[in-house]
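Note that the protein sequences, when read in sequence, are chains A and B.
Mapping the first sequence onto the numbering used here, position 218 (from 1) lands on 219, and the numbers just tick up by one.
Mapping the second sequence onto the numbering used here, position 266 (from 1) lands on 524, and the numbers just tick up by one.
Incorrect hints may appear among the rest.
Stated by the list, open to error - Calculated pairs, BS3-like style, for lysine-lysine (alpha carbon to alpha carbon, straight line, at most 25 Å): (1) 429(B) with 310(A); (2) 286(A) with 533(B); (3) 314(B) with 337(B); (4) 314(B) with 296(B); (5) 499(A) with 489(A); (6) 311(B) with 533(B).
Bear in mind the hints are in silico, worked out from the structure with no lab data behind them.
Given the structure is predicted, the values throughout are model-derived calculations rather than measurements.
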Amino acid sequence: MKKKVLSVLLAATMVLSLAACGEKAPSTSTSTPDSTEASVSTEAPASTDVAAPEAPAEVEGMKDGKFVETRHISVEVYDRDGATPANDNVWTDWIKAQMLEKYNVEVEFVAVPRWTEVDQINNLLAAGTAPDICYTYDYPTIQTYATMGGVQDLAPVISQYKDMLPNLFGWLGEENIYMDLDPVEGTLWCVEGRRNNIYRINTFVRADWLEKLGIAEPTTRAEFEAMLVAFRDNAETLLGADADKMVPFSVSYDIGWRAANLIESFMDPAISDKDYYVNGYDDRKFTEPGTKEAVRVLNGWYNDGLIWKDFALYASGDTSEDDMIKAGYVGAFMHNYDYPFRNGADSINAVLGATYGEGAKFVAVDCFEDKNGNYTKYSYSPAGDRKAFFPTTNDEPLASMLYLDFISTQSTVEYLQKGEEGINHKVLDGGAIAIQAVDEANVAYTQNSGNNIDLTMTTNGLRLATDELTNASLAYTYANVDPADVVKAMTVAFRDHKVPISVSVGEISAETGVSNLTDKRDATFDNAVIAAPADFDSVWDAGMAEYLSAGGQDIMDERLAKWIAVYGDALMLP
Amino acid sequence: MSKVKVPKKKTNWGAYLRRYWQLYFLLLLPIVYFLVFKYKPMEFIMIAFKEYKIGKSVWEMPWAANNGMKYFIKAFKNKDFIRSIRNTVTLNLFDLVVGFPAPIIFALILNELVLKRFKKVVQTIAYMPHFLSWVIIYSLALQIFAPTNGLINVLITNLGGEAIPFLNESKHWVATYIGLGVWQNFGWGSIVYLAAIAGINPELYEAASVDGAGRFKKMWHITLPGIKSTIVVLLIMNLGGIMGGGFDRPFAMRNTLVLDVAEVLPTFVYINGIKGLQFSLTTAVGLFQSVVGVFFLLSANWISRKLGERGIW
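Next up, chain A with everything else stripped away, as it sits in the complex (with noise of 0.2 Å):
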């Protein structure tokens, strides 16, 4: 009996202890699908899609636009871990059933973990096994497969089949489709995909904090810091009895993203586009000659007690900081444009509304001003954005071309966007849709990104029949957040903002199999940080000599020659 009692009992602080930290364990396995067979519309809504003219006589096995004989592509989608696996859903059917139906084109998703994607397509890649279409934002990870021989040249592929991609030409245009062209080589690994809205990142506060300190919005980056302060030193009243717990500014290992606004308003507002792209090997700002000073902003911040302290511990993906701000511990933080608002019922504004009250919510503000005093900060650019590439193994690539022309198609995006009325979203007057939070009863329904933007390849962001039904709907995106707070991230995000140059001048070879580079900025921003502002100058240097020498010189020497190589003494793009 009492052996039994303690087994039980070991067991239990087995299982605890294993069931206290699971949420931690960043998890990689895809879920496995549960049936979320639920019957789907085919009703396609109003077209304004371009019908493919008929095929050309010469493609061999296709008849009347449709393969003779059924073909099987695979095709890689983001998995979020959503409320529906990401390989197996509603829109993953609706889709499945469309290309069979238009094209006689079997598609089976293949999931890939958000957080790991680049490692976890290295490895399908490497095992032969990848997708038949593989996307991702990282253009230098496609060129490394490249020159090995992993990835198919489209551009014969394209020149060949042109005719059959009206919707991918009308989309993309040939602006996004023949973006990576090798001026020398002719070669194109990738089509780029085409974003449709370009916010990118702002700075939140915590309205109600403000609101109990009697604080204005901050306007300029004094403003802010007083802020913060004030914050640390009201932590009782803000607080309560969890006042140790307060953190005024929260950011992430990922400083180049969690301070973007403070570091971009440091980099000089007239810089040329050379130096813009030479500097540009990612859109971290590390070489920028203004980051150092930025970051030792920070270093103030951090050695006074306003920066979260165990930030650079947890790594990519983890929900520790994001559950911190949830639970209203958080004063500010900079993050993509509409983070706050993401993720319907479970949104950072939605829970701190349902634990503090309505005026608990974060807000975009606008206070990091250049020297110039304005509010410089980039936005993403319109071209180029996730990048669609075939692996060598794949054997469908007309199949496959075909689906990334279904994909692009505006009925096809725009179904996915939108949902299904009445599940996904409202028709409101005017025409606006405005997304709402699916129900219980409807779970099977639910975007497992915001608007599908993961199951729609080439186009990231709302993407309606025309821009101005587009903009009107945009900040109806959220559901359960105020639409008012939408619409202010969105003029915050575009005071002042500079769209990113694309820049082609071919190969970069310099940034093919350098990924510790990433973490060698990281651990050289987060060091800096952290370190006592004596020694902040010894740190910085020493971790932007390690950065430089161990590839990041290599890189902007390489983008300096190319550059010089296809414009010249010039210093702007023409």
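Chain A is already provided as a structure; the job is to place chain B on it using the hints.
Just chain B, lined up with the frame of chain A:
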């Protein structure tokens, strides 16, 4: 009159095969397993000397520059690689110095316990961490050791002390790394010693008692010598792994603040090989690692034989 066959000095394979064919038949499967999964893949070692091409067989890939040594040269010019070697050896040595005696001491202590039931309970609890993955252990460590939210530091700061940077400062991180490693493995590692202790002839203890030896004397003169050969074998095997080591422990525990001590060869290979797709470079690194590992293994074995122990072969 049938003559009993005496096996000749010269081995007659055919006869053996015919006589014990069932046994050899049983052996077939393991042999095939080793050939397919252990020996056949060795041809990919050539990647270290070749330019990796994804679609081609390893025989068709072109040779790398500098007589195929290009990637070895590249590796040894790489500061990260040198640092990874340093970290690997340092962390493994610490592991060996602290982690190797721990299970022995634990086994000795357990062996002295009189209360059987208590002993079993302690043993079981000590085994448990072995079954936790490093991802989980690190999550636990974060809850306990994180600078502001960790249990211990919350206690320390509430008592008016200064938080200890267990995970976010290089030296402390090494200590935490080693400590957690010992914590995970000492219980499990003690099993083999307990088994060895159980094999010691009890008459020796009785005789020692008669001679008036106390507990400590018996431990020192009977138990320890009794498990000496086990200790040596395990030590040799541990020394063989001095350049290797697991991937999940350093990878789960690293963060950007401690990369200078946390980057070890397995993570270096992962970051540069799998993430950076530099297969040739990292195969070269892996090969180097294995060769050094074999060297350590052989020398440890040689030394132990010189010292009169059996070694592992």
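Consistency of the hints with the structure:
| no. | hint | verdict |
| --- | --- | --- |
| 1 | 429(B) with 310(A) | holds (18 Å) |
| 2 | 286(A) with 533(B) | holds (22 Å) |
| 3 | 314(B) with 337(B) | violated (31 Å) |
| 4 | 314(B) with 296(B) | holds (21 Å) |
| 5 | 499(A) with 489(A) | holds (18 Å) |
| 6 | 311(B) with 533(B) | holds (16 Å) |
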